[in-house]
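Kindly produce the complete structure, drawing on both the sequences and the hints.
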Amino acid sequence: MSKFSKKKSGELPPVSTASLPDIVFMLLFFFMTVTVMKDSSLKVQNVLPNANEIKKLEKKDRVIYIYVGKPTQEFQKVFGTEPKIQLNDKFADPSAVGDYILAERAKKSQELQNVLTTSLKVDKNANMGLISDIKQELRKVNALKVNYTTYDGDAFNNLQ
Amino acid sequence: MARRAGAPEVNAGSMADIAFLLLIFFLVTTTIETDAGLDRMLPPIEPPDTDVIIKQKNIFQVNINMNGQLLADDELIELKDLRAKAMAFLDNGGAASGSPDYCSYCKGRRDLSSSDSPAKAIISLKNDRETKYGTYITVQNELVGAYNDLRNRESERLFGRKFTDMEAEYLNPETAQSAKDDLKDKVKRIQDLFPQKLSEAETTSN
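Chains as they are written, first to last, in this note's numbering: chain R, 299 to 458; chain U, 7 to 212.
Hints were generated in silico from the structure; no laboratory data involved. Ideal Cβ placement from N, Cα and C applies to all residues, glycine included. Just so you know, not all the hints are guaranteed correct.
Said to hold, decoys possible - Below are the DSS-like pairs computed for lysine-lysine, each with C-alpha atoms no more than 27 Å apart in a straight line: (1) U:K86 to R:K419; (2) U:K113 to U:K168; (3) R:K443 to R:K388; (4) U:K168 to R:K357; (5) U:K203 to R:K354; (6) U:K113 to U:K91; (7) U:K132 to R:K443; (8) R:K438 to U:K203; (9) U:K190 to R:K354; (10) U:K61 to U:K113; (11) R:K358 to U:K132; (12) R:K358 to R:K388; (13) U:K168 to U:K86; (14) R:K405 to R:K375; (15) U:K186 to R:K443; (16) R:K357 to U:K190.
As the list claims (entries may be wrong) - Partial list, derived from the structure: chain U residues whose beta carbon lies under 10 Å from chain R: (17) G19; (18) A22; (19) F32; (20) T36; (21) R46; (22) L48; (23) I51; (24) I70; (25) Y111.
Structure (structure tokens):
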């Protein structure tokens, strides 16, 4: 009998928190592997239009991004409210697009240089003149694969 | 006297806090989004060596003006009617049976004044410099949608599944190589039935 009555009854033993770091590390590694670092902060308003006949842009290492839109509130004093092109972290003229593409292309490894896609992230209120200039520049440097990046949604929402 | 049996244990209680800090840092600085959009090929800048003569009836002219109004084949139309109109044009199959261009799978009206066959049909898209990008994307979306609808129809008939699904599976990097090889032929075959010929002329400014 004495064998079983030895244990102290009463308060519960505290829950061990020794494995908490392991759990959190697991979460941490999960997020580290599934996410991608933000490479540039946006200086332009960038509300993309909607479309539903879209294809996914797989393989981020093969994509070059070009952002177009009105400068955000803090930059409007300096750059005005007309839509601008943002390459990496700075505003640029349409004529700089070609050089930018060539520079980005040179950074990629040899076998990827021919399969690059240019992703145009354009605000839906931008006008086509600027886009046409960009397209013309892209044609000049032979970057012919473009992707008009959009949100998934009904395309007719763009008209409002 | 101090015990000499090994070093004292390091307190690991704050390890969780450190890990949480790292976790939050990564959560804030990273994004999960995968981008999606409309894939397009731009025309090469050097003009082709030989001038190709295209019959007027094989061109479907779409014009967007600065107010977002749409002119398709000299008719003012609503954006929501564009898809049906483009499909009717592509699927027309006007060439007479027996001619090399005859389209056996077309279900259109076989109107002699419209396109000969899907392989010959070209959609030409023109826009103004003042056109809004959102409108332009909607038009692009509808034209790509017209092609996809027709391709889906043929794909359902030949292979019993949608073309868009097959293409998505083919482009997905996680698909096994053997499945990819199989899909490649099917995708190619459907693409050849309705080749995407969408020409984007340079913008006019007036």
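A quick look at each hint next to the structure:
no., hint, verdict
1, U:K86 to R:K419, "25 Å, holds"
2, U:K113 to U:K168, "18 Å, holds"
3, R:K443 to R:K388, "23 Å, holds"
4, U:K168 to R:K357, "24 Å, holds"
5, U:K203 to R:K354, "21 Å, holds"
6, U:K113 to U:K91, "14 Å, holds"
7, U:K132 to R:K443, "19 Å, holds"
8, R:K438 to U:K203, "21 Å, holds"
9, U:K190 to R:K354, "18 Å, holds"
10, U:K61 to U:K113, "22 Å, holds"
11, R:K358 to U:K132, "31 Å, violated"
12, R:K358 to R:K388, "21 Å, holds"
13, U:K168 to U:K86, "23 Å, holds"
14, R:K405 to R:K375, "34 Å, violated"
15, U:K186 to R:K443, "22 Å, holds"
16, R:K357 to U:K190, "19 Å, holds"
17, G19, "8 Å, holds"
18, A22, "4 Å, holds"
19, F32, "5 Å, holds"
20, T36, "3 Å, holds"
21, R46, "5 Å, holds"
22, L48, "4 Å, holds"
23, I51, "4 Å, holds"
24, I70, "8 Å, holds"
25, Y111, "21 Å, violated"
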